[in-house]
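These protein sequence lines are chains A and B, in that order. First residue of the first sequence: 1, per this note's numbering; consecutive thereafter. First residue of the second sequence: 1001, per this note's numbering; consecutive thereafter.
Hints may contain errors.
Covered by chain B, per the in silico footprint, the following chain A stretches (three or more residues, Cβ under 8 Å) [what the hints assert, rightly or not]: (1) 77 to 88; (2) 96 to 107; (3) 116 to 130.
It is worth saying that the hints were derived from the structure and are not from the lab. Source: prediction; values computed, not measured. Note that CB positions come from ideal geometry on N, CA and C, so glycine has one too.
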Amino acid sequence: MSGEAADASTPDASAPLLDVTDVHTYYGESHILEGVSLSVDRGEAVALIGRNGVGKTTTLRSVLGLTPPREGTVRLAGEDVTGRPTNEVARRGVGWIPEERRVFSQLTVAENIRIAAPADADTQAALDRAYDTFPALGERPNANAGALSGGQQQMLAIARGLVGDNDLLLVDEPSEGLAPQIVADVAEALAAVAEETTILLVEQNLPLAMDLADRFYLLDNGQVVADGEATRGVTEDEEIRRYLSA
Amino acid sequence: MSLAVPLVAFLDALGQFLRPSTLAEVILNGLSKAALYAMIAGGLTLIFGLMGVLNFAHGSLTMFGAYLGGLVLVLAVGQATGPLARVAYFFVAVVVVFGALAGLGGALEVGLIRPLYDRPPIYQILLTFGVTLVLDEAARIVVSFYGLQPISDWQAALGTKPGPLSASYEFAGVSVSGLALFEILVGAATVAAVWGFLTRTRYGLVVRAGSEDSEMTEALGIDVRRVFTTVFALGAGIAGVAGLLLAWDPVWGASVPLASETLLPAFVVVIIGGLGTFRGTVYAALLVGLVDASMTWWFVNAVDFSGLPQMTIFLILVLVLVVKPQGLFGVAEVGGH
Chain A
1 MSGEAADAST PDASAPLLDV TDVHTYYGES HILEGVSLSV DRGEAVALIG
51 RNGVGKTTTL RSVLGLTPPR EGTVRLAGED VTGRPTNEVA RRGVGWIPEE
101 RRVFSQLTVA ENIRIAAPAD ADTQAALDRA YDTFPALGER PNANAGALSG
151 GQQQMLAIAR GLVGDNDLLL VDEPSEGLAP QIVADVAEAL AAVAEETTIL
201 LVEQNLPLAM DLADRFYLLD NGQVVADGEA TRGVTEDEEI RRYLSA
Chain B
1001 MSLAVPLVAF LDALGQFLRP STLAEVILNG LSKAALYAMI AGGLTLIFGL
1051 MGVLNFAHGS LTMFGAYLGG LVLVLAVGQA TGPLARVAYF FVAVVVVFGA
1101 LAGLGGALEV GLIRPLYDRP PIYQILLTFG VTLVLDEAAR IVVSFYGLQP
1151 ISDWQAALGT KPGPLSASYE FAGVSVSGLA LFEILVGAAT VAAVWGFLTR
1201 TRYGLVVRAG SEDSEMTEAL GIDVRRVFTT VFALGAGIAG VAGLLLAWDP
1251 VWGASVPLAS ETLLPAFVVV IIGGLGTFRG TVYAALLVGL VDASMTWWFV
1301 NAVDFSGLPQ MTIFLILVLV LVVKPQGLFG VAEVGGH
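With the hints as extra help, turn the sequences into a complete structure.
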């Protein structure tokens, strides 16, 4: 028994990087997540798909502690982080690339990257890494982030997640509101990021999600209703299409 | 004929006002007012920008700084203390006041304001308004007990000012008081220090990011609540140092009503500059200081109605709110937690 308790509070390299078990999350009295369970192993890219409003973003917010679950557990490498402050969860290696990007519009591109790098990190190395991955950002390091195009802001949001030296990136709707050509650029960037970081991806663009992910979970009404290997075939699956279009 | 007389008087006054020596004096007086406004309002805007809290207790913190700093000076300065030593004691008082007020501000944030962050803003407004009533009454009781004029200026503190700061100086026909120059120097140094902190340090970067989106900042692994406490303490400390400076200024002086006398112009400056933007607050302080000094000259030298200079500040406020409701440098939304 004491061994189990110790396992729950300390990192375990053999445990899934992220393990969400029977999570129930509410907004006020609205019951949004009704027992969500999922896991993500190290090195995987996992897609969370579903219609608008079924709880995909809330799942990410529950993992981060931004909207803490009332029931259930969230474990990072076996360590129980349920209800911990968001900054603690983030410092355990969880990065967030939120819906609508949320770059700091009054800060410059370079400042957005610097603030995302750990306090003790080599700032110049972080900037170099971001600009190597996204050369367009390196061309305007002193521009206010608010002056960038939507696609460049998305690049900046991804760069911010990249330089945080995160073990797990929670990526929320990266293609939302972007032109098709820009979506292709973002997908390419995310594919490069996925080669070195574990990703939990929320995405409504099903072909994009299936191209990027190794596995998927389908969410409906706050519950996981299907899961499996992510292949292009999933986009043709009648049952899944029914859930997504309902 | 009846219109010609005031017109001639006006043109005569305009001629005097536009003389280089008069303009230089007005600008120097305006800068000294701006320095004080920037110091008082700077902390207020930092706190609002990051936390979304309108701190009604800010004026009381300035008043506490005036009394505490005055006390340090009264205890340290004697009849025989020379001017340089008095200035040195002033900077000792700066350290004491900043430390004490920052500690008080930090304790207020952690103990009283923090539990209310998740509630609507009206809770924080009512709380800080309640705090200002308690602080003002506490100050009134203490200064009455020790017989230190709670309503009028504390003369003993005013008396610790070194002679050269009470004197006026002439440069190329321009007359300026030593105190005005000292206020400009201290105010400029404070603004430069805060600006350097915000733009040259990682902590300042965190404050600016947190002012824009505290949830996103938290998700980058930064303990935003700790930053809230630091900024509240910093704002309270600067308000206290501004109060210390006012304890030497005969226009203000250390008194209990100083709390409300400073809070109102501070709010005006913060609103004109744009709630939550330090840069806007500094520019607004310059605008308000210079307009205030100009109008003071006009209503002292051309029109005998000394109540009007204050009114012009509020007219600027109304004008800005009508033309640009978010203030000169304001963004659509700040604060939030």
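Hints violated by the structure (listed by number, smallest first): Hint check: nothing fails, all pass.
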